[in-house]
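Trainee: Taken in sequence, the protein lines are chains A and B.
The first sequence maps to residues 1 to 319 in my numbering.
The second sequence maps to residues 1001 to 1396 in my numbering.
Not one of these hints is a red herring.
Heads up, simulated DSSO-like pairs for lysine-lysine below, C-alpha to C-alpha not over 30 Å straight-line:
#1 B/1157 to A/105
#2 B/1195 to A/90
#3 A/97 to B/1204
These are computed hints drawn from the structure, not numbers from a lab.
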Amino acid sequence: MAYNVKEIVANKPARFTAGHRMCAGCGAPPVARMIMRALKEEDHAVVSNATGCMEVSTCIYPYTSWTTSYIHTAFECAAATCSGAEAAYKAMKRQGKLPEDKHTKFITFGGDGGTYDIGIQSLSGAMERGHDMTYVCYDNGAYMNTGIQRSSATPRFADTTTSPAGDVIPGKMQSRKDLTEIMASHHLPYVAQTIGVNNFKDLYEKAEKAIYTEGPTFLNVLAPCPRGWGYPTDMLMQINKLAIDTCYWPLYEVVDGKYKITYKPAKKLPIEEFLKPQRRFKHMFKPGNEWMIEAFQEEVDKRWQELLDLEEITNKNND
Amino acid sequence: MSIRERLSGNEASAIAMKQINPDVVAAFPITPSTEIPQYFSTFVSNGTVDTEFVAVESEHSAMSACIGAEAAGGRAMTATSSNGLALMWEMVYIASSLRLPIVMPLVNRAISGPLNIHNDHSDAMGIRDSGWIMLFSENNQEAYDNLIMAHRIAEHKDVRLPLCVCQDGFITSHSIENIELIEDDKVKNFVGEYKPEHYLLNDKEPIAVGPMDLQAYLFEHKYQQANAMRAAKKIILEVAEDFEKMTGRKYSFFEEYKLEDAEIAIICMNSTAGTTKVVVDALREQGVKAGLLKLRVFRPFPAEEIAKAVSHVKALAVLDKAESLNACGGALFTDVTSGLYTNGMQVPTVNYVYGIGGRDTTTKEIEGVYQDLQEIASTGKVENPYRYFGLKGGAK
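My request is simple: use the sequences and hints to build the entire structure.
Mentor: And the structure:
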């Protein structure tokens, strides 16, 4: 059946309700809601959430925005926590302690700090052990919850509170870690990079595949942050679109090792289009800093080309 | 009929876990507790248990996975020592605050640094305020028995707290001793089935575990947790009573060894109690009224009961197998003396830090402690309450 956002929103429960306290213009809530809609209505779900914006804004005692079962333990161990719940499910199901006809799916949400940095060991371990779970990283490119500190997901030159654009050092000097590739190197059955654009089609379809592919699966979702990135709150969807049209955030999936780029812009836009509306890159547009934009563009081009090559190579090998 | 065996403390713990048959065991190797998950994974591989074994990549993940599993509605166990416990420290507090009755053998070993793999109690002392029930074991039999009693205590509706069973690394974990095992079916009946009231896998009642808990509620939740620890005292005794009916083996908060008429006494935990008993017997033969209080339940701390049990002695020594580095005595010493003071009892009490990093504890040294106590008893004065034994060259 063709993807129809109206039908999905009308018919499938969000399991993530209104009333949460995340910022206007934040990319994360629509991502969480759409991913939860990818669950089959009859399936039970357990969500494990790393400490971060999403957690502190959606489950403040005695309230919760989650209508499905939810657990938060700490910052760096959402994957391990989820793996324990999944292990209990397997053991209890095997012993007939749970209803036979009812299925539970396991989904973990963590920000880039909780995933690329402090939680990478826990994530890597859970994925390697082969738990039947989906890990979703909502990547907003810095520690936004604690006040915009740089993470290993922060793009080069970004102005953050621990990589401030100063007179001598113009923002973060290191390149972004490529977590999606790291997860692909775990040889998981399904790894994808996605974003909330075009009525969320790409996001929804990848979430559905990730959740219903048996074994450990991983989604990396770019989730812009108006406070950290410095764009007007009503610009969220345009920022998302610019991220993919400049190939800053390529959309692709790796199914059993085979790469498929799911969106190739007809006209690849220059990176300035993505950088310009964001306050964190403002210093890059000062006279004399043209080299920064050039260096940024160069890296985007290089990574995009690598991806095109991977797509070609992995599909050739599998013929 | 109970089963007579010869087992090490680690083997005995693994067998207790096999008989308990938990839903999930998540563990990471660390000396000297490694053997427990090692033996247990063999039971999993051979299909003798229904457990899902999660071979995690760290102790932090071990405790995280146990929390996930226990919150999901299963029985979860792990085992660790020393730095492994230190790495899971963050999650140890979270397990307790989420009121999850996870059970963990803790094979005591000196905490780094510098690195040392041998026994002392510095690992356990690091979690003494974490809200875990902490039982100590003199030998392999007690390590086994404490584990069999653990779930009944931890899972009780008035308690719902995690529990660790301590034993001395290498000294009991790797020493093979005679042991009486309980039959599988009797253990199964005694431990019972785990029926949590609320759990993540109940699709009929979705729940949220581990919310953000701010100024408006955290204080009350901590008070509830503290009350659970207080309530655990009664339950520990009730479970011990049932256990005695099944096995004939008697347990309480502590064991009083020739303490009733003692004039001088030692308080200590784990295997040192065995060494001390030998010394007490020898001194008794010489007509010295020496006694021992071997503490089994360190958390909840039976302060009042200890104070009453030693109120009649003329001099008391508290042995701490961990240096608190606080210039005012070990953790057990401060707990005991606080209990005495609060209960209005004045007993001349002295502290000894000993056995650090696996330094051998000999009967001669324990004799030395009793000699010191005789002197204190005769003068009624404690010159220096913060002492050491077994330290090369003595304390300066």
